[in-house]
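Note that the protein sequences, when read in sequence, are chains D and C.
Numbering-wise (my numbering), the first sequence opens with residue 1 and increments by one.
Numbering-wise (my numbering), the second sequence opens with residue 1001 and increments by one.
Do not take every clue at face value.
As the list claims (entries may be wrong) - Here are the simulated DSSO-like cross-link-like pairs (lysine-lysine), alpha carbons at most 27 angstroms apart as the crow flies:
#  : chain 1 : residue 1 : chain 2 : residue 2
1  : C       : K1003     : C       : K1013
2  : C       : K1254     : C       : K1222
3  : C       : K1254     : D       : K2
4  : D       : K2        : C       : K1188
5  : C       : K1100     : C       : K1222
6  : C       : K1287     : C       : K1013
7  : C       : K1331     : C       : K1287
8  : C       : K1101     : C       : K1254
9  : C       : K1254     : D       : K250
10 : D       : K2        : C       : K1332
11 : C       : K1287     : D       : K85
12 : C       : K1188     : C       : K1331
13 : D       : K2        : C       : K1013
14 : C       : K1415     : C       : K1331
15 : D       : K277      : D       : K173
16 : C       : K1111     : C       : K1003
17 : C       : K1103     : C       : K1013
18 : C       : K1103     : C       : K1254
Worth flagging that the hints you see were computed from the coordinates, not collected in a lab.
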Amino acid sequence: MKRSELLSRILITAGMLLAVGTPLFFWTQTPLIHARMAENGGWNPDVIQAEVGNPLHLRLTSDDVMHGFSVGQMKMDAVDVEPGKVTDVTLTFDKPGIYTFFCTRWCGVNHWRMRGTIEVSGPGANPEPAPTIPLYVTLGFDLDAPHESPVIPSNQPSAVRGQQLATNLEMSKFSNPDFYRTNSPYQLFEALSSTNLSDLEKWDVVSYIWQSNTTPKALTNGRDLYAQNCAACHGENGGGDGVFADDLAKAGEASMESMTGATDMLMQTPVDFTDSKRILGAAPALLQGKILRGGMGTGMPMWGSIFTEEQIWDLVAYLYSFQFDYQGEAQ
Amino acid sequence: MAKIELTRNTSIKNALISRYPQLAVFVVMLMGYIFAILAGLVGTPVGSHNFIIVFVWIAWWAILILVAVPFFGRGWCAVCPIPLPGEWLQRGAVLNPPEKKPKWFNLRWPKALRNIWLQNISFLLLALFSSVLLTTPNITGIVLAGMLFAAIGLSTIFERRAFCRYLCPVGGFIGLYSQTAPIELRIKDKQVCATCEGKPCYNGSTNGYGCPWDVFPGGLTKNTYCGLCMECLRTCPHDNIAVNMRPFSADLAKPSTRMDEAFKAFIMLGSAMIYAGVLLGPWGVLKDAAYNVGTSAWFIYAAVFLSIIFLVMPSFFALCVTRFENLNIFKKRFATLSAALIPLGLMFWVAFSLSFVLTNASYILASLSDPLGLGWNLFGTAQTTWQPMLTTILAPGQTLALVGGLIWSARTAQKAANEAKVSAIPVIGYCLIVTAVMLWLLL
Chain D
1 MKRSELLSRI LITAGMLLAV GTPLFFWTQT PLIHARMAEN GGWNPDVIQA
51 EVGNPLHLRL TSDDVMHGFS VGQMKMDAVD VEPGKVTDVT LTFDKPGIYT
101 FFCTRWCGVN HWRMRGTIEV SGPGANPEPA PTIPLYVTLG FDLDAPHESP
151 VIPSNQPSAV RGQQLATNLE MSKFSNPDFY RTNSPYQLFE ALSSTNLSDL
201 EKWDVVSYIW QSNTTPKALT NGRDLYAQNC AACHGENGGG DGVFADDLAK
251 AGEASMESMT GATDMLMQTP VDFTDSKRIL GAAPALLQGK ILRGGMGTGM
301 PMWGSIFTEE QIWDLVAYLY SFQFDYQGEA Q
Chain C
1001 MAKIELTRNT SIKNALISRY PQLAVFVVML MGYIFAILAG LVGTPVGSHN
1051 FIIVFVWIAW WAILILVAVP FFGRGWCAVC PIPLPGEWLQ RGAVLNPPEK
1101 KPKWFNLRWP KALRNIWLQN ISFLLLALFS SVLLTTPNIT GIVLAGMLFA
1151 AIGLSTIFER RAFCRYLCPV GGFIGLYSQT APIELRIKDK QVCATCEGKP
1201 CYNGSTNGYG CPWDVFPGGL TKNTYCGLCM ECLRTCPHDN IAVNMRPFSA
1251 DLAKPSTRMD EAFKAFIMLG SAMIYAGVLL GPWGVLKDAA YNVGTSAWFI
1301 YAAVFLSIIF LVMPSFFALC VTRFENLNIF KKRFATLSAA LIPLGLMFWV
1351 AFSLSFVLTN ASYILASLSD PLGLGWNLFG TAQTTWQPML TTILAPGQTL
1401 ALVGGLIWSA RTAQKAANEA KVSAIPVIGY CLIVTAVMLW LLL
């Protein structure tokens, strides 16, 4: 073989090896966490290991549409995960446990299914504290039982009017947080039956009591949480008409068609928070339970692993603002 | 305009005869091709950020349809990496012919298939799946790898470049449109070829290989099947091969009478129009049908696509052949007149390509720095945001291309009609109507 031929073959072989080896080498050296819509696989990997105190560097990329990334029970700003681009995130955990990471962008009807876990361990880790028993469990609330208010106000109750009316009433037993959390607005309405207030005036007082158990800051926090996590299904104005509501209803019908004996085709219809009967009959502890646990087959995800207890109470307080006129209490 | 023989210039001639500049280009192209396949298979599945989609369907396509084909004809075929591994295997060498040739089957391509019908089919196969192919990196990667392996396989079974000549989905239309290009490879003196012993340009010699495209240069009258590989320039013992600059569309003065080439013109013209409607138009239903391969909507789309190309457009064009004596003469006239659709089709593709190339060209910079979507930033351009380019010249540029194509096809129609001995007016009318439809689709 001529020398020129030999050299050419070596050059070609080297070129090919370079063309094959370079992308393969860097590909294997660049582990990424891939985000896909839930129906296409969700997060991959969806279980990540980390150690207390050791910064965890994550490189996130989306394989389809825009997603977001955040970790529940942690103070961090959500980051966007863009298609074909890489987002770097560094997390440091100060206590062991299993943390849930989740998508924060409304990427599709199954957006809420995009979750994964970070298992944080490490030497010297404190043992897990005993889990707090949720209030609805302590109270023995059946989250799935009907809880409609038999009476609803003819107009939107006003907290401002309620405050004026309450000055002439003995309200101390209703104003404490324990009463607020364990009773529905309708129960308070009933408790006010001994007064000589009209029905609407009673609802105004209920509105005032509910407002007095929250703060403008908490309402703002609840509003932000709602807008980011709930409005996709329940609607921006709480009407159960979010952008995914129709798709959820269709998915619900499709799944119900495959079940025998089912008559109610509303399985995945998001709850309408402007429905007074439904909300005024629900105690804050009941709503807290529903948020914590999720809807059990209704399509409502469980948020207990994502929201802190304080966030859930803020969110619950905000949900009542669809019924009561708090006059711009949210900041 | 007279022809200008470029190979009179010694530097140009030597550069074309020497195998080293060509080899250097081959190596770079093949590396890029292999890299693209790997990017498609292991890189991000997001097409707009994957090297294979950005560099094949945006950058390469732009260069091919806006520069290479109009100005260099089969210039792309001269540097295409797809046939190289197979050809090197077949030859047993990457440079000059070896003393001992490897023993492959070396069969002649079947006579019944010595036309471009298979290329028409392979193009249509890709065209029907184009919405998925153009956006899905791993599908494009598999198709490119498949073409590479098909070329290797065919090189070990058949003689010469069977893949390029008879199967390549791109080669068919490049050949058709190369007739319009202002460059050609031709012999200088027919008498020299007629008396040449051994015909080394076709059969090979120690200086080079017999024409890989199975063409006898002495009989070359069109660019269609000359791959500009320059082997005949190396093997001709009489210095009788020239690379010339010439007027545009010189080959169309004497149009082909082959039906496979005529239908290639319809396939390309029709595909450009359908793509303009489906890929650039506002009709979501069409886009969904084209994208959801295998669904009933897609089958309807495919049936309509094929009907437009094989029935509707040719049927109306057949009305342009105003004289009927017998079927054979009718078919020849039909094929001859279809030459008018060649410059028109090319300019349709230029106008269509301008739209998506200018819209998506900004992806090239981002992909250059991060070709696999792994978060690299090799040249500092990874964060380049998507932005359509030169939007102000798009509509005028497309209009100019289409109107220019119409005028060009009208002149070609006049020549073709003279050859076919019929009136050119119906053909010009046909071209006018399809141009108006294309203008409506694009603008």
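Results of checking the hints against the structure:
no.	hint	verdict
1	C/K1003 x C/K1013	holds, 16 angstroms
2	C/K1254 x C/K1222	holds, 9 angstroms
3	C/K1254 x D/K2	violated, 46 angstroms
4	D/K2 x C/K1188	violated, 33 angstroms
5	C/K1100 x C/K1222	violated, 34 angstroms
6	C/K1287 x C/K1013	violated, 49 angstroms
7	C/K1331 x C/K1287	violated, 36 angstroms
8	C/K1101 x C/K1254	violated, 39 angstroms
9	C/K1254 x D/K250	violated, 62 angstroms
10	D/K2 x C/K1332	violated, 52 angstroms
11	C/K1287 x D/K85	holds, 25 angstroms
12	C/K1188 x C/K1331	violated, 33 angstroms
13	D/K2 x C/K1013	holds, 24 angstroms
14	C/K1415 x C/K1331	holds, 17 angstroms
15	D/K277 x D/K173	holds, 25 angstroms
16	C/K1111 x C/K1003	violated, 35 angstroms
17	C/K1103 x C/K1013	violated, 33 angstroms
18	C/K1103 x C/K1254	violated, 41 angstroms
Consistency note: the structure conflicts with the earlier hints numbered 3, 4, 5, 6, 7, 8, 9, 10, 12, 16, 17, 18.
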